[in-house]
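Asks: In case you want the letters, here they are:
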Amino acid sequence: MALLSIQNLEVSFGLRDGPVKALQNINLELNRGDRVGIVGESGAGKSVLGFSILNLIAKPGFISNGKVLFEGEDLVHASQKRLRQIRGDRISMIFQDPMMTLNPVLTIGDQMVECLHAHKKISKKDAREVALQKLQLVQIPSPEKRLDQYPHELSGGMRQRIVIAIALIMDPDLIVADEPTTALDVTIQAEIMELLLNLCEQHNVALILVTHDLGVVAQVTERTVVMYAGRVIEQGPTDEIIKAPQHPYTQGLMNALPQNCLPGQLLNQIPGSMPNLQNIPQGCAFNPRCEFVKESCLKERPDLQSTATHDVACFKVHPERSELLSTGNGSDVKERA
Amino acid sequence: MSHASESVAIAQSVDAAPSRWEKFKESHYWHSFKKDRVAQISFTVFVLFVLAALFSPLLAPTDPYDLASIDIMDSEIPPSWSEEGEDRFWLGTDAQGRDLWSTILYGTRLSLIIGVCAVLLQAFIGIVLGLTAGYAGGRVDSFIMRCADIQLSFSTMMVAIIFLAVFQAAFGSELYQRLALIMLIMVIGIAEWPQYARTIRASVLAEKKKEYVDAARVMGFGSGRIMFRHILPNTLSPILVISTVQVANAIITEASLSFLGLGMPVSQPSLGSLIASGFEFIFSGSWWITVIPGIALITLVLVMNLLGDWLRDVLNPKLYKG
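Chains as they are written, first to last, in my numbering: chain A, 33 to 369; chain B, 91 to 412.
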C-alpha cells in the first residue's frame with residue numbers, strides 16, 4: 033500500500049462572492065522514502081496542498097472533494113482526535129521561516145520535550161535525552177547548551193536545524209517541507225537541504241518538498257509536480273522534467289533560471305502573472321501567457337495525459353486531443369462560449 | 091572535521107553560561123530601570139509599602155484590632171509634632187482612640203490584599219474568557235465579548251454598590267462584617283474582568299496568526315495546550331502592564347466603597363474606611379484622621395500607576411529607545 037495517496041483532491045475557499053477552488057483534481061501517490069517536489073509560482077496552491085495533507089486548512093478553506101489516504105486511512109474524514117495523533121507523530125511539517133515557527137518565549141528544550149509529551153508518555157529526563165539525540169542528528173554544535181536557549185539566541189540556519197529536529201522527534205513517516213530554505217541565505221540553504229536529504233535517506237522518510245526553487249527540486253527530489261492555478265499541469269521524474277520540460281509553463285520556468293542567460297542580458301520572463309483564482313480564464317488557465325496558444329486552448333481545458341516520460345496537460349504536446357475537440361465537439365463548445 | 095572542531099571551540103568560549111541574575115543585569119529592563127529616576131523612586135516607595143504591609147504586626151506599636159488596648163479617652167489626639175500631640179501616638183489617634191500609625195499600617199495591608207486578590211480573580215476570569223474568545227473566534231467570541239460589553243456598560247461602582255447593599259440588607263450587617271474582605275474581593279474581581287478579557291483577546295488575535303501557532307497545530311497539540319502553553323506566555327507583557335494599573339484601580343474602588351460605608355467595617359479599617367471614619371470630624375479640626383491615610387492611599391496608587399507606565403514603556407518594543 034502506498035504511504036500517502038491523494039485522490040482527486042479539491043480544496044475550496046468560501047469567499048463572499050461564492051466558493052473559489054484553490055485546488056482541483058490533484059492526484060499524488062507516495063511510497064515510504066519517496067521524495068516529491070511541488071513547484072509553481074506564488075498562489076499556485078502549493079502550500080494549500082501541503083496543509084491539506086494534514087487536513088489543517090485555515091478557514092474559510094475546506095476540502096470539498098476527494099480523499100487523502102495515509103496508509104489507507106482517510107484523513108479528510110478522520111476525527112480531530114485521530115488527526116492530532118497523526119500530526120507531528122506520523123506526518124510532520126517544516127515551515128518557511130524558522131524565525132516565526134519557534135515559540136519566542138519557550139526554550140528549545142521545552143518545545144522539543146512538549147512535542148514528545150503530546151504524543152507519548154515519557155519522563156521529563158528521557159524526553160530531554162531524546163531531544164538531545166535529535167539535536168545531535170541535525171549537527172548542531174554543543175546541543176546540551178541549546179536546550180536551555182531561547183530561539184532569539186540562535187541564528188537562522190541553526191533555528192531551521194532545530195525545526196527539522198522537532199519535525200523528526202517522533203520519527204515520522206512523512207515530512208511536508210513548505211519552502212524550508214526560502215528564508216535562509218544561499219550557503220545555509222545548501223547545507224540545510226543536504227541535511228534534510230541525508231536524514232530522509234537514512235531514516236527512510238518520505239518527503240514532500242514545496243518550493244519555487246527548481247535548483248532545490250533537482251538536487252533533492254525524485255519526482256516533480258508542477259502546479260499552475262490550482263491544478264497539476266505536469267508531473268513526472270525530476271530528471272525528465274528538468275531535462276525536457278513539455279508544458280510551455282514549465283519551459284518558461286526553466287528558461288527563467290539565471291544560468292540560462294548570458295551576463296548582462298535581461299532574464300527570460302514568462303509574460304503576465306498568474307490569474308486570480310476567482311477569475312480563471314476559460315480553457316487552459318495558462319492561455320493568456322502562452323506563446324503557443326491556439327484556438328482549442330481558449331475553449332477547452334487540456335487534461336493531464338501521459339507522454340513517453342511523464343504526464344502533461346497541454347494541447348501542444350497532445351495535438352490529437354485538440355483536433356478531436358475542434359472537429360467533434362466544436363459546435364458544442366461554441367454554444368457554451 | 092575542522093569545521094566541527096572550530097564550532098566546539100566557539101561553544102567552549104561562550105560556555106560560561108551566565109546565571110539568571112547576570113542575564114538580568116545585562117537586560118534592557120535593568121538598563122532602563124537604572125536610567126529612570128521616576129521608576130526607581132516609585133519602585134522604592136512601592137517596596138516600602140509592601141514591606142510595611144507584610145510586617146505591619148511587627149512595625150505597629152499597638153494592635154488596632156485589639157479592643158482591650160484601645161482607650162476611648164485617647165480619641166482625636168493630634169500628631170505628635172503639633173502642640174497638643176503626645177509622644178505615644180506619632181500620627182495621632184482616630185475618633186475611637188486607635189493609634190493612627192498602627193491603623194494605617196494594618197489598613198495598607200488590607201487594601202493591598204484586597205487589591206491583589208481582586209486582580210488575581212479578575213485576571214483569572216479575564217484570561218480564561220479572553221483567550222477562549224480570541225482563539226475560538228466566531229460565535230463563541232461574539233458571545234463572550236458581548237457579555238463583556240454588557241458588563242462594562244454598568245459601572246463597577248454601581249454593580250458593587252447594588253450587590254453589597256443587597257447582601258447587607260439580606261443577611262444582616264453582622265455576617266457582612268465577617269465576610270467583608272471576601273465579598274469585596276469577589277465583587278471587584280468579577281466586576282472588572284472585561285478589562286482583562288479585552289486586552290488578552292486583542293493580543294491573542296494577533297498571536298494566533300503567527301506561524302508558531304500553525305507549527306503547534308501541525309505537531310498535533312490540542313487547543314488547550316496551544317492556548318495556555320503557547321499563546322498565553324506571548325501575551326504576558328500587556329497582562330503585566332494592566333495588572334499594575336488594575337491593582338491601583340481595585341484599591342481605589344475598595345476605598346470608595348469603604349468611604350460609602352459598603353467596604354471594610356470600622357473595626358477592621360482599610361485605608362478607605364479610615365478616611366471615611368475621619369471625614370465626620372474634619373470640620374471639628376481633626377484633619378489628620380482623614381488627611382494622613384488619604385496621603386498614604388494617594389501615594390500608593392500614584393507609585394503603582396507610575397510603575398505601570400514605566401513597565402508599559404519598557405515592554406513595548408515600539409517605544410524602545412536603545
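Don't take each hint at face value.
[Claimed, not checked] Label-pair restraints from in silico Cβ distances:
hint, chain 1, residue 1, chain 2, residue 2, range
1, B, R229, A, E161, 19 to 25 Å
2, A, K156, B, Q267, 26 to 32 Å
3, B, L326, A, D203, 45 to 51 Å
4, B, R229, A, N311, 49 to 55 Å
5, B, F233, A, P92, 16 to 22 Å
6, B, L326, A, K177, 24 to 30 Å
7, B, F233, A, S111, 22 to 28 Å
8, A, G46, B, V140, 22 to 28 Å
9, B, L141, A, S187, 18 to 24 Å
Simulated from the structure, these hints should not be mistaken for laboratory data.
Note that beta-carbon positions come from the ideal geometry of N, C-alpha and C, so glycine has one too.
Asks: Hints the structure violates: just list their numbers, smallest first.
Replies: 1, 2, 3, 4, 8, 9
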